[in-house]
Amino acid sequence: MALTFLALPVLAIFLRVSPTTLVHELSDPVARDALVVSLRTSALAQVLVVALGTPTAYLLATRRFRGRNVLLTVVELPLVLPPAVAGIGLLAAFGRTGLLSTSIPFTQLAVVLAIAFVSAPFFVRTAVASFEALDPTLIAAARTLGAGPWRVFLRIALPLAASGLGAGLALSFARGLGEFGATIMFAGSLQRLTQTLSLAIYAEFARNFDVALAMGALLVAFSFILLLVVKWLSFGWTSPFRSVPSSSA
Amino acid sequence: MAELRLDVAVPLRAFELRVALDVGAETVAVVGPSGAGKSTLLRAVAGLVPSRGHVRVNGDDWSSLPPERRSVGFVFQDYALFPHLSVRGNVAFGGEPGNVLERLGIGHLADARPRDLSGGERQRVALARALARKPQVLLLDEPLAALDPHTRDTIRVELRATLRELGLPTIVVTHDFVDAAALADRVGVLVDGKLVQVGRADELISAPVSPFVARFAGGNVLHGAARRVDTLTSVELDDRNVIVSSDDAVGEVAAVVYPWDVTLSRALPSDSAQNHVQGSVTSVVPVANRMRVTVGAVTAEITAESAQRLQIREGDLLVASWKATATRLVAL
Numbered sequence: 004m005a006l007t008f009l010a011l012p013v014l015a016i017f018l019r020v021s022p023t024t025l026v027h028e029l030s031d032p033v034a035r036d037a038l039v040v041s042l043r044t045s046a047l048a049q050v051l052v053v054a055l056g057t058p059t060a061y062l063l064a065t066r067r068f069r070g071r072n073v074l075l076t077v078v079e080l081p082l083v084l085p086p087a088v089a090g091i092g093l094l095a096a097f098g099r100t101g102l103l104s105t106s107i108p109f110t111q112l113a114v115v116l117a118i119a120f121v122s123a124p125f126f127v128r129t130a131v132a133s134f135e136a137l138d139p140t141l142i143a144a145a146r147t148l149g150a151g152p153w154r155v156f157l158r159i160a161l162p163l164a165a166s167g168l169g170a171g172l173a174l175s176f177a178r179g180l181g182e183f184g185a186t187i188m189f190a191g192s193l194q195r196l197t198q199t200l201s202l203a204i205y206a207e208f209a210r211n212f213d214v215a216l217a218m219g220a221l222l223v224a225f226s227f228i229l230l231l232v233v234k235w236l237s238f239g240w241t242s243p244f245r246s247v248p249s250s251s252a
Numbered sequence: 030m031a032e033l034r035l036d037v038a039v040p041l042r043a044f045e046l047r048v049a050l051d052v053g054a055e056t057v058a059v060v061g062p063s064g065a066g067k068s069t070l071l072r073a074v075a076g077l078v079p080s081r082g083h084v085r086v087n088g089d090d091w092s093s094l095p096p097e098r099r100s101v102g103f104v105f106q107d108y109a110l111f112p113h114l115s116v117r118g119n120v121a122f123g124g125e126p127g128n129v130l131e132r133l134g135i136g137h138l139a140d141a142r143p144r145d146l147s148g149g150e151r152q153r154v155a156l157a158r159a160l161a162r163k164p165q166v167l168l169l170d171e172p173l174a175a176l177d178p179h180t181r182d183t184i185r186v187e188l189r190a191t192l193r194e195l196g197l198p199t200i201v202v203t204h205d206f207v208d209a210a211a212l213a214d215r216v217g218v219l220v221d222g223k224l225v226q227v228g229r230a231d232e233l234i235s236a237p238v239s240p241f242v243a244r245f246a247g248g249n250v251l252h253g254a255a256r257r258v259d260t261l262t263s264v265e266l267d268d269r270n271v272i273v274s275s276d277d278a279v280g281e282v283a284a285v286v287y288p289w290d291v292t293l294s295r296a297l298p299s300d301s302a303q304n305h306v307q308g309s310v311t312s313v314v315p316v317a318n319r320m321r322v323t324v325g326a327v328t329a330e331i332t333a334e335s336a337q338r339l340q341i342r343e344g345d346l347l348v349a350s351w352k353a354t355a356t357r358l359v360a361l
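Chains as they are written, first to last, in the numbering used here: chain Z, 4 to 252; chain R, 30 to 361.
Chain R extracted, bound-state conformation (with noise of 0.2 Å):
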């Protein structure tokens, strides 16, 4: 059973970063935001950055071993292709290319130079080239962060794929909470060096451990007060609105609300929402084929068809609704 085992530690300029993570033959994708110490992860566990504490892959102590002596697939954010090779040259140099080039669909390529390759193209080379070194454990830092949009979905699918196939221990950083959930089987999130939580994408959404986590997967994060009231908890919010919650909590709290849960009015709706926020609209950002839109402090993300129908303009007048169950609360 492939096994990456870490636990280290390295002083960056403002804070320590301290991981202990156990990766299996899975892919755990580190989330957070820039200087969290993401990269400096990833450089330790390869060896790049000298640290405290201990690696350990399928039972063996890389903790002393220089870089070229841990076998570690490492495709860097630019992709770090060696400009004076081809393609092939490239791929060669860390081991015997064997199909790997054809596997990721870059054979036609082998004797192009990276300074001719599309960004897509790059990064397909510096995966086959981390590949073809048959390493233990794969290192993708930001591994679509250099991609045009377009691109990005089509890599996202392929690296999926191939993520799944190999079945090695594996760790993606990224900033991107949508990249971490599709890449990876858990997602970490670090924040000042530590990780604050770790598990599927869709624990982080449902019960995030602090307005943080919430705000990184997605959420409107709204402050207020909670108490009890029947078998709901009340929650006054610094803006003096009040809304709803199925979940127990008392006092300083973070109500979560997911923009994918908020539904859009001119008047207010007569459905079973128990929540409803009156605002004007600030901003309206089309995102793949849905619409971000903002009404106050609550992002709303709704199909384009939906706003279409309500002819949203910044500055419109609306109400956001949700439900008391779409309503998570986390204590302060």
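Isolated chain Z (complex conformation) (with noise of 0.2 Å):
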């Protein structure tokens, strides 16, 4: 039952009109710009998400101080914060009359920002997560070979912990591709420079719907192959990666 009710939205948007239709439609000039905005967008944004989530993470993961509890639920807020909220917070920060008054919102920019601020905790939670799970023998059998701190998250947590990181950033990337509230509030739906995928299925429903169908399918599509991803890296690659933890007394 469960199954069919989640199954049927996603089947009828690629039942109702053939696939080559879907195909044909995509190359209407509203889909392929969103494509384009949607894409270097969320790509700039993903940088800005592991630039900053990493060191983020491992600081979190690895250290025990006053606050971290509080600072791990700064964190995850996003997650559960309504996207209309998402919107107007960045433009108060962010917005000509707000707390840094910079003239960011309705640029691809902000763009960028919205996607980064509502799909950063995605990354950043696995990441401390799969930072959390590295044998703290290892960082200590790390550091008696003489690695400090730096070299340590370089050599040994960096790529131990790099399907885990996979895994949070394909999370990370499928809910940026869809963001749609915090956009349209803090960057607004200009074609070319700031509709994205999800902005433009809304713009062109009534319009032209097939068009918004092709680029619903489109997101399905991309949202699928990260899924994928996500259980690729997570159960393929990181058992084997996983050594004992130790037992001593």
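Because the hints were derived from the structure by calculation, they are not lab data.
Predicted, not measured: the structure shown is a model, and the values here were computed from it.
Treat the hints with care, since some could be wrong.
Claimed, not checked - Coverage of chain Z stretches by chain R, computed from C-beta distances (three or more under 8 Å per stretch; other residues unrestricted):
no. : segment
1   : 137-147
2   : 158-167
Stated by the list, open to error - A few chain R residues facing chain Z, derived, Cβ under 10 Å:
no. : residue
3   : Pro-79
4   : Gly-82
5   : Glu-97
6   : Arg-98
7   : Phe-103
8   : Ala-109
9   : Leu-114
10  : Leu-146
11  : Pro-164
Note that CB positions come from ideal geometry on N, CA and C, so glycine has one too.
Dock the two chains into a complex; use the hints.
Structure representation (structure tokens):
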């Protein structure tokens, strides 16, 4: 029952029109522009998420300090925040009259920031879990072999957590591609500039349902592939990389 | 002259680890039950756990140095090989491998991954990795515990030869007195965070300071009350048996007798042994080429041939005999 309910809308997208029509509709200028905007902003946002999220996750996973739980909660907050709240928050922070008073809103950078804001928790949570799963004896061994904290991070922690980080990145990427609420409030829906696939679907569905449907199908395909990547990284690689935890006296 | 001088204190959950120990160019084994603080001691020397006191090596004070700046070769209990690096990569992580792989007989494994190695091979890789760093101090945490009995015997002999050759101040932690006696020049017994006795293995066996040390060294410990009778000491055991010892003691004592000093017979023997205790056999366990037979409160270790001749089975009534000179008394 649940499976039918979950699969039905997805199936409906593909069953309503033929695959050739779907592919054909994607050549519509609106769809093409949206695809370019989506891929560019998503890629930039994920670079930002990984670059800032990885060291943050490592510190959260390996250091014990007061307020650690509060920090973890702050990182996870965007997961449960309504998108409208995220959007208004970004405007309040980066808007012309906002806290930092910038001219970012309604530019492509705004799309990047909105995507990074809502998708970062997916990456950071997974990354914290992967770093926490590292055998602490391996870290200790590296240190007795003369490696300072940086070298331990680069040569031991990073490669051993790589598959987990990859899974987190795929999740974060999938979430970012579907971003809607925060983007439309913070960046608007300007074709070729800030109109991502999700925003374009909303803009098109009253005008040309088949184009909207084709973009929907594309997003479903992306999401499906990304989730497969997550599964493969989580179960295909990780287990043989784990070493037996030490049980020393 | 290579030397490690340590005097460290580390608070643990139930007690404080407090150890002062000087280690020259020798191997000291630290033995004790699990939870006594053995591994913590090694970690304190390596700087992996914070400790009070000091660690000095060849005159240098390491006390405030982070682990990466202390020159230790640390072999972890499960070897802690980096699973994403080859054998060569593991060994080169800490320093130039040179010919250390060949010296330890693992040159042909240079490109293998740790998960493809046997227990004995992993042990050698872990040692090679620790040595590639050219450490001033060697720390081995249960180096033989992860090995099967057969490999264990081989590696024990190998490791002993390597340690002799290196001549580094070395601390080996083990829960096994046999391993300790085989590998180390001196053995320290750690109980609840304190070294209760440090000495050569034969000293610990012949003059244990406590029933605990005696039991750890493999001895039977029998509780009783001692009084002088002529030139000997007579001990009335808790089970009413009376035994004699050539040791001097009065009052409450632990009488220690080692399994290899005990002989077994079906009837009271007419040899020079003065101590006889009759009891029924509760267990018969083969150990290497010998049999460990428990008769009442006493465990004897006899040759497989003797066991064969006596046709020992559980439940049999046997007499365990040993000499007065084989009975050590520890005052309580």
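So, going through the hints one by one against the coordinates:
For the segment 137-147 of chain Z, the assignment as covered by chain R holds, since 8 residues bring a beta-carbon within under 8 Å of that chain's beta-carbons and 3 suffice. Remark: the segment 158-167 of chain Z is confirmed as covered by chain R, as 4 of its residues place a Cβ nearer than 8 Å to a Cβ of that chain, reaching the required three. For Pro-79 of chain R, the interface hint is violated, since its Cβ never comes within 10 Å of a Cβ in chain Z; the closest pair sits about 13 Å apart. For Gly-82 of chain R, the shortest C-beta to C-beta distance to chain Z is roughly 20 Å, which exceeds 10 Å, and the interface hint is violated.
Of the supplied interface hints, the one on Glu-97 of chain R holds, with its beta-carbon coming within about 5 Å of a beta-carbon of chain Z, less than 10 Å. The closest approach between the C-beta of Arg-98 of chain R and any C-beta of chain Z is roughly 8 Å, which is under the 10 Å cut-off, so the hint is satisfied. A hinted interface residue such as Phe-103 of chain R counts as satisfied when its beta carbon comes closer than 10 Å to some beta carbon of chain Z; here the least separation is about 4 Å, so the hint holds. The closest approach between the C-beta of Ala-109 of chain R and any C-beta of chain Z is roughly 4 Å, which is under the 10 Å cut-off, so the hint is satisfied.
Here the hint on Leu-114 of chain R is kept, as its CB sits about 9 Å from the closest CB of chain Z, short of 10 Å. The restraint placing Leu-146 of chain R at the interface with chain Z is violated, with a minimum CB-CB distance near 12 Å, outside the 10 Å limit. With a cut of 10 Å, the hint placing Pro-164 of chain R at the interface with chain Z holds, because the nearest CB-to-CB distance is about 9 Å.
Checked against the numbered hints given earlier, this structure breaks hints 3, 4, 10; the rest are met.
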